[in-house]
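Participant: The primary structure of each chain is shown beneath.
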Amino acid sequence: MSKAKKIVLIGHFGVGKTSLIRRFVENTFTKDYKVTIGVHISKKEVEITDEASITLVIWDLEGLDDISKIRTSYLLGTHGFIYVFDLSRPATYENLDTELQYLKNNYPNVPTKVVGNKMDLVNKAFIKQNSAIFDPHVDFFVSAKLGSRVETLFSKLAEALI
Amino acid sequence: MLDRYKAYQNHKFQYISVDPTGVILESDHGIFPVTVQTKLQELHPFFEILSSLHATEKQEHQFSCINLEVHENALIVDLVIALQDKDSILIIIENLSSHYTSYQLAAQSRNESVINSQVLELKNEYLLEKERFKNNFIANFSHELRNPLTASIIFGDLLDNSGLDASQKGYLDIIRAANKDLKHKIDDILDISKIESGKLILNTTVFNLKALCDEIVGTYRILAHEKGLEFQLDYDKKLPEFLEGDAFRIKQIITNLLTNAIAFTTTGHVKLALSLNYMRAKKANLHIVVEDTGCGIAKKHHDTIFERFLKIESDALDSQGPGLGLAIVKHLITQMEGNIKVDSTLEEGATFSCNLNFKISDYSPSLKDELLSKQTFTSNEKHHILLVEDAELIQLSILKLLAATGHFYVSIISKGEDLVPSVLDHDVALILISNTIQDVSITDAASAIRKLPRPYKNTPIIALTTQAYKEDMKRFKKAGVAHTITKPFDENTLLEAIYGVLS
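Line order of the protein sequences matches chains X and F.
The first sequence begins at -8 in my numbering and counts up one residue at a time.
The second sequence begins at 96 in my numbering and counts up one residue at a time.
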């Protein structure tokens, strides 16, 4: 097995963390929302180059509106974060600054990708209108439902972990 | 007995000993079977955590609520991982699946409720935004239509007095009727937009109810007779003469109902009845009824008849287009804190009845004289009017109209910067200024005039505006505008305003 790297998905509940992982690992999607309690862990091998690959051990954490409340044991040995918010619910990104600052302060050397999910529910004009909020932080606008940019998101994070 | 309890506990706990690389040394198989000498990481990716433990100084790590799928069994467990010595790690697993499953059900319900309320809130905001966009669009659209329509109305009026033969006059009548219809439709759309955006303000003044009624009947009796219908009026003599209310809007309510009544009736009669419900504490409650013997409205539509753009499956109604008139009536009556209902049977006609409350005005002969008197223009001298307008069609329309009266000289400028020099250079009796001038607003122009020395500063100003909102009118008045005319306007409206201001 290639070298294992632990990545953790965090963000409010209902933003689509589990759906993103399902899309990435199983290439499936269900519109039914099932709450995650505690943590689900899955893994997938990602080829970085023809010679190099890594195994992503993906921790799908229960959604919380304040990441400082996450059990610290869940974050032990984390190599990368994916912070997910729901583009269609402002409540999930209104504290983006504070949340990301918390990660930066407590996990300064851990690569983080910030992701606006449910791109299928908004349009480009909406993204443009909210550019003041999104531009400084967001790395990817994705749709777990459509599968758009999900593979790229995980690949880019995997590259950053090497 | 205790053995049975112990056996029960054995199914809840599992003890596994592994080496630092995760190879299983020993297990009691309490929850699930494992194979000694295989790596625990192969059982579930959670156990990859073993490689991270050496990074901390802690000897014991606790993990709660970990979802493990082992041998196709979904478990939710708590784990303790204790570093025993340099060669072995003890893992204690407690199966808490049933406990966490019940917690999951509660969390599911709570989260769904929060998400739904957030989504609803957003949908509501989106709808409000859409409504604002629609109202702005309507206001701008109506603004764009007003200049060409004003020109069309005024030239229609001018043509009427230009010696047309009977056939030409017939064509002109059709054009003028179409202009009038278009003007009403624009006004209706703008009214709905104002009402729905909460910008419609009732303008309460003292008015003569009988005079208002006579004015309406004068017009609608003719319209009814033209269609071969009998027009009946039933006016209760007990009604007070002077009331306080928005006469324009009351007239709009009655005329919208009468317009529909005449439109949807082919034989029989149309009736307007005004009566007094009661008088109490200087207030009068009026009962207004508009009745017709037309096509009627099916009962299933009675609840929705007042909705805007309602289309009812009736040939007669379809041919009349969207029903903005009734929507406006309903909104106005609601704003006046009154009520309206419809009673109708298909093919037997309809009766709309409403109740409205008004304050009774203190009667005074001087007030009556003031209300009944109409200002007339008797001056023989010619007045110089300065028209500030950049739309060529309107320039030409007003020039022709004013020249035809023989009472005015007209100078025209189309730039705001020429206003003050023109007023200073000429003996201007009145300024007519449009709100479409690019480089100056009506309020700025009025302020500039008011800053001039006497007698220029007192030059009266009439605003010609495509902005028909009450707040605009208030702004103009505050800036010193004597009168505001909303485009499109006709010959009479403009002349009455000019004569009124000059006399």
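In short, the hints are calculated from the structure, not lab data.
Each hint should be verified, as a subset may be incorrect.
Said to hold, decoys possible - Residues on chain F that point at chain X, a partial pick, calculated with CB under 7 Å:
id	residue
1	His156
2	Leu191
3	Ala202
4	Phe326
5	Tyr330
6	Tyr551
Said to hold, decoys possible - Simulated DEER-style distance windows between Cβ atoms:
id	chain 1	residue 1	chain 2	residue 2	range
7	F	His479	X	Ser122	51 to 57 Å
8	F	Leu223	X	Ser122	21 to 27 Å
9	X	Pro102	F	Gln132	35 to 41 Å
Given the structure is predicted, the values throughout are model-derived calculations rather than measurements.
Even glycine gets a Cβ: it sits at the ideal position worked out from N, Cα and C.
Participant: Does the interface hint hold: is Tyr330 (chain F) within less than 7 Å of chain X, judged Cβ to Cβ?
Facilitator: This hint is violated: Tyr330 (chain F) lies away from chain X, its Cβ roughly 57 Å from the closest one there, beyond 7 Å.
Participant: Hint check: is the beta carbon of Phe326 (chain F) less than 7 Å from a beta carbon of chain X?
Facilitator: Hint on Phe326 (chain F): violated, closest Cβ of chain X at ~55 Å, above 7 Å.
Participant: 35 to 41 Å was suggested as the range; check whether the CB atoms of Pro102 (chain X) and Gln132 (chain F) agree with it.
Facilitator: holds, 36 Å
Participant: If you take the shortest Cβ to Cβ gap from Ala202 (chain F) to chain X, is it below 7 Å?
Facilitator: holds, 5 Å
Participant: Restraint: Tyr551 (chain F) near chain X, CB-CB cut 7 Å. Satisfied or not?
Facilitator: At 49 Å from the nearest chain X Cβ, Tyr551 (chain F) fails the 7 Å test, so the hint is violated.
Participant: Hint check: is the beta carbon of Leu191 (chain F) less than 7 Å from a beta carbon of chain X?
Facilitator: Violated. Min distance 10 Å.
Participant: For the pair Leu223 (chain F) and Ser122 (chain X), does the Cβ-Cβ distance stay inside 21 to 27 Å?
Facilitator: holds, 22 Å
Participant: Against the range 51 to 57 Å, how does the distance between the Cβ atoms of His479 (chain F) and Ser122 (chain X) compare: consistent or not?
Facilitator: Given range 51 to 57 Å: holds, Cβ gap about 55 Å.
Participant: Answer holds if the nearest beta-carbon of chain X is closer than 7 Å to that of His156 (chain F); otherwise answer violated.
Facilitator: Nearest chain X Cβ about 6 Å off; hint holds.
Taken one by one, the earlier hints fail for this structure at numbers 2, 4, 5 and 6, listed in ascending order.
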